[in-house]
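Engineer: Based on the provided sequences and hints, a complete structural model is requested.
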Amino acid sequence: MIFNVHGSTTSTPSLNTDNNTTRNNTNNARFLNNNQVTISTATGCFSSDTLVTLINLQQIPIEKLRIGDELLTIDGTKIVSTEMIMMLDQNQHSSVMFYTIITGSEHKVSLTSHHLIGMINNDGDISYIPIKDIKHGDILRVITNGQIYSSPVIDIKMEIKNGYYAPLTMTGTLLVNNIDASCFSNVKNHDIVQFYMSPLRWYYRLSRLLFIEKPFGDKTVDGIHYIAQMLYEIAQSIYPSILHFT
Numbered sequence: 049m050i051f052n053v054h055g056s057t058t059s060t061p062s063l064n065t066d067n068n069t070t071r072n073n074t075n076n077a078r079f080l081n082n083n084q085v086t087i088s089t090a091t092g093c094f095s096s097d098t099l100v101t102l103i104n105l106q107q108i109p110i111e112k113l114r115i116g117d118e119l120l121t122i123d124g125t126k127i128v129s130t131e132m133i134m135m136l137d138q139n140q141h142s143s144v145m146f147y148t149i150i151t152g153s154e155h156k157v158s159l160t161s162h163h164l165i166g167m168i169n170n171d172g173d174i175s176y177i178p179i180k181d182i183k184h185g186d187i188l189r190v191i192t193n194g195q196i197y198s199s200p201v202i203d204i205k206m207e208i209k210n211g212y213y214a215p216l217t218m219t220g221t222l223l224v225n226n227i228d229a230s231c232f233s234n235v236k237n238h239d240i241v242q243f244y245m246s247p248l249r250w251y252y253r254l255s256r257l258l259f260i261e262k263p264f265g266d267k268t269v270d271g272i273h274y275i276a277q278m279l280y281e282i283a284q285s286i287y288p289s290i291l292h293f294t
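Each residue of the sequence shown is one higher than the one before, starting from 49 at the first, in my numbering.
In case anyone wonders, no lab produced these hints; they're calculated from the structure.
Everything numeric in this text was worked out from a predicted model, so none of it was measured.
Watch out, some of these pointers could steer you wrong.
[To be verified] Okay, derived cross-link-like pairs now, DSSO-like style, lysine-lysine, Cα gap no bigger than 30 angstroms in a straight line:
#	residue 1	residue 2
1	Lys236	Lys112
2	Lys156	Lys112
3	Lys183	Lys262
4	Lys126	Lys262
5	Lys183	Lys205
6	Lys156	Lys205
7	Lys180	Lys156
8	Lys156	Lys183
9	Lys205	Lys112
10	Lys262	Lys112
11	Lys126	Lys156
12	Lys236	Lys183
13	Lys205	Lys180
14	Lys126	Lys112
15	Lys236	Lys180
16	Lys236	Lys126
17	Lys126	Lys183
18	Lys262	Lys180
19	Lys126	Lys180
20	Lys236	Lys205
[As the list claims (entries may be wrong)] Quick list of the computed label-pair ranges, beta carbon to beta carbon:
#	residue 1	residue 2	range
21	Asn170	Ile127	33 to 39 angstroms
22	Thr192	Arg253	29 to 35 angstroms
23	Leu254	Ser129	45 to 51 angstroms
24	Lys156	Leu254	34 to 40 angstroms
25	Pro109	Leu254	43 to 49 angstroms
26	Glu261	His184	28 to 34 angstroms
27	Ser129	Thr192	15 to 21 angstroms
28	Thr192	Gly172	17 to 23 angstroms
29	Lys180	Leu254	35 to 41 angstroms
30	Thr125	Asn104	19 to 25 angstroms
31	Lys156	Leu257	34 to 40 angstroms
32	Trp250	Asn169	26 to 32 angstroms
33	Lys112	Pro200	29 to 35 angstroms
Note that beta-carbon positions come from the ideal geometry of N, C-alpha and C, so glycine has one too.
Structural biologist: Right, here's the structure in full:
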């Protein structure tokens, strides 16, 4: 998530689901049904059951990430390392609506509607688009046994889960449940936002060279980081066309 403000809490009617849809009540998740459910309208985060991969190949829950942790991500055709520089937003307890996608390789991840995920275009290039725009058959980049593969989306669900997290890395990307995803949401172009985030990365690198371990503070409480709030307000003022408004 980036360029995001706190969502309000609303009572939202559920979508009609196919009668053949399996109901899954594990991991604090539940499919939408015909009842009213109260959810938080967070707009750019990963679900709390997401796993990220450290450079030692250990997978940990996204909520365990800390500033300075080195993670794996994809750069072109290579698996590379990146570093977490801050947690832009988090909430351990709010119930949030997610889009859950499953690939033919059985990779699965849940993101809020406007969070960007990497999709392989017809020409082979990568575009980061809101997960709500992903369709059956779209091709994603996934990791299996340490190798990069392409895999089609075979299922898309809407679920409500408890808790969400939005880490920011140096590359602006990370592997979530071994699927390539952006750190950004509510924006129309991943690359432009990554470019304008350069001053933050420079400041972070300089601070680390000066042995300042947590240049943006150590955010461990629920809520949006003041940096994310500030960036959102700046974008609204000088570059509103880059934003997806919800």
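Engineer: The structure should be examined with respect to each hint, and the outcome stated for every one.
Structural biologist: How the hints compare with the structure:
no. : hint                                : verdict
1   : Lys236 - Lys112                     : 29 angstroms, holds
2   : Lys156 - Lys112                     : 20 angstroms, holds
3   : Lys183 - Lys262                     : 39 angstroms, violated
4   : Lys126 - Lys262                     : 29 angstroms, holds
5   : Lys183 - Lys205                     : 11 angstroms, holds
6   : Lys156 - Lys205                     : 11 angstroms, holds
7   : Lys180 - Lys156                     : 15 angstroms, holds
8   : Lys156 - Lys183                     : 14 angstroms, holds
9   : Lys205 - Lys112                     : 26 angstroms, holds
10  : Lys262 - Lys112                     : 16 angstroms, holds
11  : Lys126 - Lys156                     : 21 angstroms, holds
12  : Lys236 - Lys183                     : 18 angstroms, holds
13  : Lys205 - Lys180                     : 10 angstroms, holds
14  : Lys126 - Lys112                     : 25 angstroms, holds
15  : Lys236 - Lys180                     : 13 angstroms, holds
16  : Lys236 - Lys126                     : 25 angstroms, holds
17  : Lys126 - Lys183                     : 26 angstroms, holds
18  : Lys262 - Lys180                     : 34 angstroms, violated
19  : Lys126 - Lys180                     : 27 angstroms, holds
20  : Lys236 - Lys205                     : 23 angstroms, holds
21  : Asn170 - Ile127: 33 to 39 angstroms : 24 angstroms, violated
22  : Thr192 - Arg253: 29 to 35 angstroms : 32 angstroms, holds
23  : Leu254 - Ser129: 45 to 51 angstroms : 20 angstroms, violated
24  : Lys156 - Leu254: 34 to 40 angstroms : 39 angstroms, holds
25  : Pro109 - Leu254: 43 to 49 angstroms : 30 angstroms, violated
26  : Glu261 - His184: 28 to 34 angstroms : 45 angstroms, violated
27  : Ser129 - Thr192: 15 to 21 angstroms : 19 angstroms, holds
28  : Thr192 - Gly172: 17 to 23 angstroms : 19 angstroms, holds
29  : Lys180 - Leu254: 35 to 41 angstroms : 37 angstroms, holds
30  : Thr125 - Asn104: 19 to 25 angstroms : 22 angstroms, holds
31  : Lys156 - Leu257: 34 to 40 angstroms : 39 angstroms, holds
32  : Trp250 - Asn169: 26 to 32 angstroms : 31 angstroms, holds
33  : Lys112 - Pro200: 29 to 35 angstroms : 31 angstroms, holds
The structure does not agree with the numbered hints 3, 18, 21, 23, 25, 26 stated previously, though it agrees with the rest.
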